[in-house]
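*Asks:* Given only the sequences and the hints, what does the whole structure look like? Please build it.
Residue numbers (the numbering used here), protein chains in the order written: chain B, 3 to 299; chain P, 3 to 299.
If you're looking for bench data, these hints aren't it; they were derived computationally from the structure.
Be aware that a few hints might be false.
The list treats identical chains as one, so a pair stands whether inside a single copy or across any two.
Stated by the list, open to error - Derived pair list, reagent style SDA-like, types lysine to any residue, alpha-carbon separation capped at 25 Å:
{"hint": "1", "residue 1": "Lys130", "residue 2": "Met291"}
{"hint": "2", "residue 1": "Lys100", "residue 2": "Leu76"}
{"hint": "3", "residue 1": "Lys100", "residue 2": "Arg52"}
{"hint": "4", "residue 1": "Lys130", "residue 2": "Asn93"}
{"hint": "5", "residue 1": "Lys100", "residue 2": "Ala90"}
{"hint": "6", "residue 1": "Lys130", "residue 2": "Ala278"}
{"hint": "7", "residue 1": "Lys130", "residue 2": "Glu280"}
{"hint": "8", "residue 1": "Lys100", "residue 2": "Leu262"}
{"hint": "9", "residue 1": "Lys60", "residue 2": "Asp125"}
{"hint": "10", "residue 1": "Lys130", "residue 2": "Arg24"}
{"hint": "11", "residue 1": "Lys60", "residue 2": "Arg131"}
{"hint": "12", "residue 1": "Lys130", "residue 2": "Asp279"}
{"hint": "13", "residue 1": "Lys60", "residue 2": "Ser222"}
{"hint": "14", "residue 1": "Lys177", "residue 2": "Leu34"}
{"hint": "15", "residue 1": "Lys60", "residue 2": "Asp249"}
{"hint": "16", "residue 1": "Lys60", "residue 2": "Ala90"}
Number of protein chains: 2
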Amino acid sequence: MNLGINLSFVIKRWVEPPVWARLVRESLGLELVQFTYDLIDPWWPEASRRSMTAEVRKAAGDWGLEIESAFSGLANYCFDGLLHPDAAGRNVSLEWWKRAFDVAAEVGAKASGGPLGGMSVTDASDPKRREQRYHGLLDAVAELSEAARAAGLDRLQVECTPLAREIPYTVDQAKAFLSDLQGRCVVDVKLLVDIGHALYQPLFGPGARMPAWLHGLDHSIGAFHLQNTDFQSDSHWGWPDRRGLFDVAGFANEVRAAGLEDVPAFIEIIYPFELADEEVRDNIASTVMHCRREYAG
Amino acid sequence: MNLGINLSFVIKRWVEPPVWARLVRESLGLELVQFTYDLIDPWWPEASRRSMTAEVRKAAGDWGLEIESAFSGLANYCFDGLLHPDAAGRNVSLEWWKRAFDVAAEVGAKASGGPLGGMSVTDASDPKRREQRYHGLLDAVAELSEAARAAGLDRLQVECTPLAREIPYTVDQAKAFLSDLQGRCVVDVKLLVDIGHALYQPLFGPGARMPAWLHGLDHSIGAFHLQNTDFQSDSHWGWPDRRGLFDVAGFANEVRAAGLEDVPAFIEIIYPFELADEEVRDNIASTVMHCRREYAG
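*Replies:* Given below as structure tokens:
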């Protein structure tokens, strides 16, 4: 089992690369990292960005960390992205992703990913516009695959999200999406499955279970996100959390049964900005301990 | 009493300007709006941005809305901003703010604001670096006041936040901050007080009350943010919410007693991205009804 961590827990706290790199390696005992664009926004002017990505790469080297991928965080998820109702909005998202690939390559990652975008309520309620947005998204991903290859990446990682206005959000839609992209992309396109998204009951019902995702998507899954959740929100809580109900050991068994034990699983915890730093530090340490024991143990 | 709404509730849902403008005016019955940079990221390339800001301005005109100010949302709050530990990070934040002023002017606002930034844990724990960051922040705000004036704005609106690593976060610090800026800024610098920040008990204790903020900061307060909260998190819930404890009518009395009834109060509710659209629509409608009755009634 392949356990790593998304750097979501360091944002606005331990943002200096030597600080988080040491924290991940020395305090948490992990080597596998998913970088977050919440640390370096791809929009940032190139000269500033490059000095910062160089420090990330150096710190990762100094502390023996592998940055497996770079991933969209909270900031980019605030926008409609590649499904923006306005063509100008969709174009700026294309531009963001191309810049994101440069950041990914500069920090030493081989893949970049995230949620692709969300339709407006107006577009989503109109079958014709839904269809246009969908086909536009396929074109955008095909175009982005060229940019990813040009940047030196070998994989796009598309996150499934728990919103019916986003794409993809179900097993069937994710399969259709990959099938419709077949032959159109010059790098691999894989899916990232976040257990808190996949098991979100208000959308998927109380019967939602991981094996349907694991067996349905199989080796199209390129990575997992692990979080604690009550299945009633996209919680991104850690362990312990009195509200959380997710059984990591049970998930590990399901992953093994599906033959997906090599797929990296990144812990992705999102703490409130205002939470005391010591509480975050304690909780991320106990979270990693819990996941190591239950998932990788 | 001067009640308005921050557009935080429309992001990723009702993002088209004619859609949210109609919603604000027709469904919510409000005219006073605080625009959010979560709808148009100041980083977006100028040509795309300008076509989108023009639509905002047109929709506001068509629906008789006043865009009083433009304000930093969730996306920009993910970053360390003007208090980033790296000079390159602080410079990109300066650049972001300058672009934000252009967006504000383009949508027809006279002011721009938000939280200014957060120190890293490392910087915040070192008295000398805290001091450097503080003085750097004063320089940055003075510089930004020139850019704001050049963009045609007449006010900067600095938000007080519930984190000891951010500036300003207490009444005393906010007063010192404004006093240290005295004579250095070419536009007015005012404070925005969010009741959920001001009454956050894990930082300010169970005795935190609004009159201390209202009388302490007095006419330095340029605007309020209203939210429902349990005082244990920066909640940004609406009404009704079974967890929420904030008494809007009591706050209205305190505002009147402080002589601040002309200060605009913007409802700022942040819904989970995954929450069903109908629930958001119902909750924002009942929230506005509640605040109109309790605050403005």
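*Asks:* Evaluate each hint against the coordinates.
*Replies:* Hints, verified against the model:
1. Lys130 to Met291: neither (49 Å within a copy, 35 Å between copies)
2. Lys100 to Leu76: So Lys100 and Leu76 pass the 25 Å test inside a copy (18 Å) and across (23 Å) alike.
3. Lys100 to Arg52: both (15 Å within a copy, 21 Å between copies)
4. Lys130 to Asn93: within (20 Å within a copy, 44 Å between copies)
5. Lys100 to Ala90: both (16 Å within a copy, 21 Å between copies)
6. Lys130 to Ala278: So Lys130 and Ala278 pass the 25 Å test across copies only (22 Å; inside, 48 Å).
7. Lys130 to Glu280: Between copies only: 21 Å across, 51 Å inside.
8. Lys100 to Leu262: neither (30 Å within a copy, 48 Å between copies)
9. Lys60 to Asp125: Only across copies: Lys60 and Asp125 sit 21 Å apart there, 44 Å inside one copy, limit 25 Å.
10. Lys130 to Arg24: Classified as between: cross-chain Cα gap 23 Å, same-chain 51 Å, threshold 25 Å.
11. Lys60 to Arg131: between (46 Å within a copy, 23 Å between copies)
12. Lys130 to Asp279: This pair counts as between: shortest inter-copy Cα distance 20 Å, intra-copy 48 Å.
13. Lys60 to Ser222: neither (32 Å within a copy, 45 Å between copies)
14. Lys177 to Leu34: neither (28 Å within a copy, 45 Å between copies)
15. Lys60 to Asp249: The answer is neither: 36 Å in one copy and 51 Å across copies each exceed 25 Å.
16. Lys60 to Ala90: between (37 Å within a copy, 17 Å between copies)
Comparing the model with each numbered hint stated earlier shows that hints 1, 8, 13, 14, 15 do not hold.
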